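J.: These protein sequence lines are chains U and B, in that order. For the first sequence, the working numbering gives the first residue as 950, with consecutive numbering after it. For the second sequence, the working numbering gives the first residue as 89, with consecutive numbering after it.
FYI, nobody ran anything at the bench for these hints, they're computed from the structure. This one's a predicted model, so the numbers in the text were calculated from it and none came from an experiment. Heads up, the beta-carbon is just placed ideally off N, CA and C, and yes, glycines get one too. Each hint should be verified, as a subset may be incorrect.
To be verified - Derived contacts from chain B toward chain U, CB cut-off under 7 Å, selection only: (1) Thr178; (2) Ile193; (3) Phe212.
Claimed, not checked - In the DSS-like style, the derived pairs of lysine-lysine whose C-alpha atoms are separated by at most 30 Å in a straight line are: (4) U:Lys973 / B:Lys93; (5) B:Lys256 / U:Lys976; (6) B:Lys136 / U:Lys976; (7) B:Lys140 / B:Lys93; (8) U:Lys984 / B:Lys169; (9) B:Lys256 / B:Lys176.
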Amino acid sequence: MRRLGWLIFGIIFGMSLSKVEATKFEKIYRLFLFKDFTLMGVIVTAVIVGIIGFYLLSLMGNKTIDNKEIIIDYSPLRWQHIIGGLIFGTGWAMTGS
Amino acid sequence: MNFLKDPWPFWLSGLIIGIQMPLMYYFFNNGPGTSSGSANLLKLIIPKSKLKWLNTERVNPVFNRNFYFIIGIILGGFISKSLSGDFKFTFDTGLFSQNVSFSFIVQLFWYFLGGTIIAIGARFADGCTSGNSIHGMSTLQPSGFVASMGFMFSAVVITWLMHFTILKGVM
């Protein structure tokens, strides 16, 4: 069940990215040339919806469907986040993916 | 608008991706693992690897949630393109391959290098755009905001560099 669940999450995730053309070199390239802000809109919308969703979860007692405490995967801030971020962005721009 | 055939507006994809984050926790108590999933694929190719990165609990067992998630992403892209009728197996990346004067082999190398840089960066920063930007920022983690700033900053710099050099000013 869990496997099927993650597969379905993946399919929906991949479809959403592909359908908004986030997989096109041109889209990423024009985003960072400040010519096309579609993908920025995707990220901003997703983050706002995500924040609201997590807030609603906390209002419901922060419990999963089988009544366990939700533990958010937390990544404590380290200097690697900056370095890794800068490295990642380089590859992101090079491949436009 | 034909929902299955046409490209989606930004808010629809954003809405669907955003709502998935709390739902993942609600059903499975875990966040997305997109870049982590690529380690599973690598582990499949070299199962006997002694590399520390390929022997953590994240890739053991190989067929874990990240594996099914990343397979789903690949399937999702395939389904999306099949529905819009423009699926094809190609090395043509559109604007890039039409404007650079690199040979095919150099283009392949460029993409391989870019992919390697992405992977190294994602492991260093403890996540990619989905883990740090979407998941990290929607759970209000400082690391998510910092890493996302890093992604954007260097991507803007490198894109403008490419714009003025290899892509000869094409918009």
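J.: Take the hints in turn and mark each one as holding or not.
T.: Evaluated hints:
no.: 1; hint: Thr178; verdict: violated, 12 Å
no.: 2; hint: Ile193; verdict: violated, 16 Å
no.: 3; hint: Phe212; verdict: holds, 3 Å
no.: 4; hint: U:Lys973 / B:Lys93; verdict: holds, 17 Å
no.: 5; hint: B:Lys256 / U:Lys976; verdict: holds, 17 Å
no.: 6; hint: B:Lys136 / U:Lys976; verdict: violated, 39 Å
no.: 7; hint: B:Lys140 / B:Lys93; verdict: violated, 44 Å
no.: 8; hint: U:Lys984 / B:Lys169; verdict: holds, 25 Å
no.: 9; hint: B:Lys256 / B:Lys176; verdict: holds, 28 Å
The structure fails to meet hints 1, 2, 6 and 7 from the earlier list, while all remaining hints are met.
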